[in-house]
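For reference, the chains in residue letters:
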Amino acid sequence: MLMCRELATKASEYLDDRLGAGERLSIKMHLLMCRRCRAFVGQLRNSITLMEAHSSQRLAPAYAERLDHEIQRALANASGDNPG
Amino acid sequence: MSIAVQHQDESQLLHRLQAGHADAFHEAVRTYTPGMLAVARYYTDPSSAEDIVQDSWVSVVDAIRQFEGRASLKTWLHRIVANRAKNLLRKQGREVTMDFADALDPALAARFKPNGRWAVPPRISTVESAEALLENGALSECLDKHLAHLPENQRSALLLYEAHQRRSDEVCNILDVSASNLRVLLHRARQKIFLMVEQFQETGEC
Chain A
1366 MLMCRELATK
1376 ASEYLDDRLG
1386 AGERLSIKMH
1396 LLMCRRCRAF
1406 VGQLRNSITL
1416 MEAHSSQRLA
1426 PAYAERLDHE
1436 IQRALANASG
1446 DNPG
Chain B
289 MSIAVQHQDE
299 SQLLHRLQAG
309 HADAFHEAVR
319 TYTPGMLAVA
329 RYYTDPSSAE
339 DIVQDSWVSV
349 VDAIRQFEGR
359 ASLKTWLHRI
369 VANRAKNLLR
379 KQGREVTMDF
389 ADALDPALAA
399 RFKPNGRWAV
409 PPRISTVESA
419 EALLENGALS
429 ECLDKHLAHL
439 PENQRSALLL
449 YEAHQRRSDE
459 VCNILDVSAS
469 NLRVLLHRAR
479 QKIFLMVEQF
489 QETGEC
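Chains A and B, in that order, are what the protein sequence lines are. Here the first sequence stands for residues 1366 to 1449, numbered as in this note's numbering. Here the second sequence stands for residues 289 to 494, numbered as in this note's numbering.
Hint data in this document are derived by calculation from the structure and do not stem from the laboratory. It is possible that part of the hints are untrue.
To be verified - Chain A side only, calculated, beta carbon under 7 Å to chain B, not exhaustive: (1) 1368; (2) 1404; (3) 1409; (4) 1415; (5) 1417; (6) 1427.
Owing to the predicted nature of the structure, the values given are computational and were not obtained by experimental measurement. For glycine and all other residues, C-beta sits at the position ideal for the given N, C-alpha and C.
Next up, chain A with everything else stripped away, as it sits in the complex:
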């Protein structure tokens, strides 16, 4: 029988739907019976949603400007190489 530790190990694959039918079913059966693992999987699902909302990273303005500057130099060089 599937134990809680094994379920916790496979919980991401379960939530991302990467498991075969057999493993998926045994996790579902376990979750029906185990309140603790239901709490774990529910909270892990929440964690994933929270991170999605946070995964858009901010870009430091000074660094973005440095990149603009370097790109402009490269563009100027490129047009100098190929006049017209």
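We have chain A already, so just place chain B on it with the hints.
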């Protein structure tokens, strides 16, 4: 934004980049640099990562004219950064070493009895919805902090997985990891966030 709109925007941006318009590069830098930094950070420290991404953009100014659109622009840019980072590591005689042995975070693994049952079960049994949790500004700050402190390879895997609409194949290709190792990185990162949210809900502290 729908995928169709994204594609249309991307092909317009691509034409302007290929024509060498500075404003197109200005826009592309702001759209694609965070993902490119995540790729570089997978391999190296923050300051080298910034240099690698800068060199990549400079090379893109020329290379973009040869870009044929077989991959998405984002995937193409991410591969350029990954190749540069890998070359740099090779020159320095270093490599990325990772521990894929256990998919369980040690702090979580310690919460099980030898028989595989919970010894210290999840402390929050009434699960608040993620939407409700997100409205909490303090939790939001706490998440920022913990995301910043994740091991680089876990953080990069997580950011890229979301950036590539959960397409494991693309992320594996860019980072040169197997599908199963990517699963481990993602699961380890998510457990860290789980532990953080649990502590935050229980104590109100980050």
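When the hints from earlier in the document are held up against this structure, which numbers fail? Of the numbered hints, just 6 does not hold.
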